[in-house]
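A.B. asks: Now for the letters of each chain:
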Amino acid sequence: MGAEVTTQLHGTGIGRGVAVGPVLRMPDPLPEPDDTASTLTPDAEKERARASLAATAAIIRHRGERAGGSAKDVLEAQAFMAEDPTLIDDVGVRIDTGKTAERAVFEAFAAFRDLLLSMGGYMGERATDLDDVSQRVVAHLRGVPAPGVPDPDHPFVLVARDLAPADTALLDLDKVLALVTSDGGPTSHTAILAREKSIVAIVGVANALALSDGTEVIVDAAGSTVTVSPSAEERSGAHERAEQLKNARNSATGPGALADGTPVPLLANLGSADGAEDAIAKGAEGVGLFRTEFLFLDSTSAPTVEEQKAQYVRLLQAFSGKKVVVRALDAGADKPLSFLNDAAEENPALGLRGLRALRANEPILRDQLAALAAADAETDAEVWVMAPMVSTVEETRYFTALAREVGLKTAGVMVEVPSSALLADRILADADFASIGTNDLTQYTLAADRLLGSVASFQDPWHPAVLKLVGEVGKAGQALGKPVGICGEAAADPLLAVVLVGLGATTLSMSPSALADVRAELARFTLDEAKHFAELALSANSAVEARGAVTTAAAAG
Amino acid sequence: MAERTVEMASKHGLHARPASLFTQAVAKSGLPVQISKDGGAAVNAASILGVISLGIEHGDTVSLTSEAPSADALLDELVALLGSDLDAA
Numbered sequence: 003m004g005a006e007v008t009t010q011l012h013g014t015g016i017g018r019g020v021a022v023g024p025v026l027r028m029p030d031p032l033p034e035p036d037d038t039a040s041t042l043t044p045d046a047e048k049e050r051a052r053a054s055l056a057a058t059a060a061i062i063r064h065r066g067e068r069a070g071g072s073a074k075d076v077l078e079a080q081a082f083m084a085e086d087p088t089l090i091d092d093v094g095v096r097i098d099t100g101k102t103a104e105r106a107v108f109e110a111f112a113a114f115r116d117l118l119l120s121m122g123g124y125m126g127e128r129a130t131d132l133d134d135v136s137q138r139v140v141a142h143l144r145g146v147p148a149p150g151v152p153d154p155d156h157p158f159v160l161v162a163r164d165l166a167p168a169d170t171a172l173l174d175l176d177k178v179l180a181l182v183t184s185d186g187g188p189t190s191h192t193a194i195l196a197r198e199k200s201i202v203a204i205v206g207v208a209n210a211l212a213l214s215d216g217t218e219v220i221v222d223a224a225g226s227t228v229t230v231s232p233s234a235e236e237r238s239g240a241h242e243r244a245e246q247l248k249n250a251r252n253s254a255t256g257p258g259a260l261a262d263g264t265p266v267p268l269l270a271n272l273g274s275a276d277g278a279e280d281a282i283a284k285g286a287e288g289v290g291l292f293r294t295e296f297l298f299l300d301s302t303s304a305p306t307v308e309e310q311k312a313q314y315v316r317l318l319q320a321f322s323g324k325k326v327v328v329r330a331l332d333a334g335a336d337k338p339l340s341f342l343n344d345a346a347e348e349n350p351a352l353g354l355r356g357l358r359a360l361r362a363n364e365p366i367l368r369d370q371l372a373a374l375a376a377a378d379a380e381t382d383a384e385v386w387v388m389a390p391m392v393s394t395v396e397e398t399r400y401f402t403a404l405a406r407e408v409g410l411k412t413a414g415v416m417v418e419v420p421s422s423a424l425l426a427d428r429i430l431a432d433a434d435f436a437s438i439g440t441n442d443l444t445q446y447t448l449a450a451d452r453l454l455g456s457v458a459s460f461q462d463p464w465h466p467a468v469l470k471l472v473g474e475v476g477k478a479g480q481a482l483g484k485p486v487g488i489c490g491e492a493a494a495d496p497l498l499a500v501v502l503v504g505l506g507a508t509t510l511s512m513s514p515s516a517l518a519d520v521r522a523e524l525a526r527f528t529l530d531e532a533k534h535f536a537e538l539a540l541s542a543n544s545a546v547e548a549r550g551a552v553t554t555a556a557a558a559g
Numbered sequence: 043m044a045e046r047t048v049e050m051a052s053k054h055g056l057h058a059r060p061a062s063l064f065t066q067a068v069a070k071s072g073l074p075v076q077i078s079k080d081g082g083a084a085v086n087a088a089s090i091l092g093v094i095s096l097g098i099e100h101g102d103t104v105s106l107t108s109e110a111p112s113a114d115a116l117l118d119e120l121v122a123l124l125g126s127d128l129d130a131a
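If you read the protein sequences in the order shown, they are chains S and H.
Take 3 as the starting number for the first sequence in the numbering used here and just add one per residue.
Take 43 as the starting number for the second sequence in the numbering used here and just add one per residue.
Hints listed in this document are in silico derivations from the structure and should not be mistaken for laboratory results.
Hints may contain errors.
[Stated by the list, open to error] Using 30 Å as the maximum straight-line C-alpha spacing, the simulated DSSO-like pairs for lysine-lysine come out as follows:
| id | chain 1 | residue 1 | chain 2 | residue 2 |
| --- | --- | --- | --- | --- |
| 1 | S | K324 | S | K284 |
| 2 | S | K477 | S | K533 |
| 3 | S | K74 | H | K53 |
| 4 | S | K74 | H | K70 |
| 5 | S | K48 | H | K70 |
Please take these sequences and the hints and turn them into a complete structure.
C.D. replies: Here's what the structure looks like:
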């Protein structure tokens, strides 16, 4: 396609934003260096390796100094890896057997990466850092640009296959106008990052990788379209709409409510007490999901009751007088903790995780609940506690009984497994509330691994089967007078948020940066309209149809 | 040759942050130091990858040696590091 021709690409938009800018492609990873015999002497290869390792360390360190903050620490650690004497010795040993510098560097880093992976936990996570450094050194040896996040001196639209956490940690978000990925669904890391940071994004754009550097594009998340080489009118239209969105976002304030005044409290998803201030500034009316994994992830053993209590107190003090829903430790599948479950599982998403893992380690659960109860007693936030991945009525009774035994007044469960949604009337007869985790509920309903790019297209919470299950929980909540919250990524999609309220959700919890857009969208529709949208979505045959039908109806209304 | 033996005090062993603090202290000194665990093979103490690969846990006995004539002060400093709770640092 010529650059002068306007074309449109389609994917799944995240949020409602729009942005215009030049494309920059994320370079593809380098192919593995061939294991062919070197034509140079070992000393010459060693000198090449030494020079490239030193140059790479210097480049990484320089980038770290420019980036500052936590990125500086990450990059400083990477620079040390490139300078590591044990690694340099290992590269030398491999070169002595006749390998090229490229191959020796590649193999030496790979060996350490495997070692770190086998150690698991925090060290396992550093394995991707080693891969990144290895790629940079090999690129330097070959004299080609280093793969990895582009770092130009102008704002750009980043186009990539998908983004890994290691990539986004180094991304200068101030320069990223929009993200476009060819792979990944609405719950991919890219999508989550985009929601968290309010970056315009479209994921799963089939032809995205055909875009070349420097091409101007309009990224329209609300329409899920990428317009390539737009006309002058299209460009000014996009700028105008970006301005309007900014104004709408700034003017919607106060508690979440529908157009007819029906209150829909808007809560924040938080991963540590650090985000509390920002969440309140963005208008969070409480916390709908406080993840407690951060207390445990760097540890090889569980923290003490006192250590945990101090963190909970910090959080609860920030939300004095407001509701704070704390989720008990949710380990497993994508976030394993060796002291909870050490067994290798073929299907970790279907294994000993969530409440199942806690139950197998009841002292850890008891400690956590006791720490939370103690923090509750010292503060005046309204503390609710919930168990992750509950799949039976019996598990519900087990958890709520334990929570009440230690003195926590409000105990509920997360509905992430279809069995819990289907039996919500019985589960809510015992639990004080339910909170629907739409990411896992979608994964389990459509039997599609959330972390697997090849099945990302199944991972769409607009799917009528998922919405039907949400509706079951909504109905049960209404019949029994029990609150039903949503705390998955779905609640951060403004239009889907309206549908979820129509299905019976009473509160919505999301990344704080998504609050403004959702608040503005809720204010546009009445409860009757929300219910009508829910009917439309439920009667669709697919996620795409459901989204399309509701988008059309919303535009007409 | 200077030599010291110390019991690892940090609750989580010599992983991650403690290992990086330790190896940087060695690297900054410019002196050659070897580290080994429970009498096993010694590795360069300035190498974070080498140190991590030893898998030193809380309570392990760690030996530090240096051929440098002026290493006594450095080894004392390193022993103090390993004997303190580096996680709290």
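A.B. asks: Are the hints correct? Go through all of them and say.
C.D. replies: Quick rundown of the hints versus the structure:
no.	hint	verdict
1	S:K324 x S:K284	holds, 15 Å
2	S:K477 x S:K533	holds, 12 Å
3	S:K74 x H:K53	holds, 26 Å
4	S:K74 x H:K70	holds, 19 Å
5	S:K48 x H:K70	holds, 24 Å
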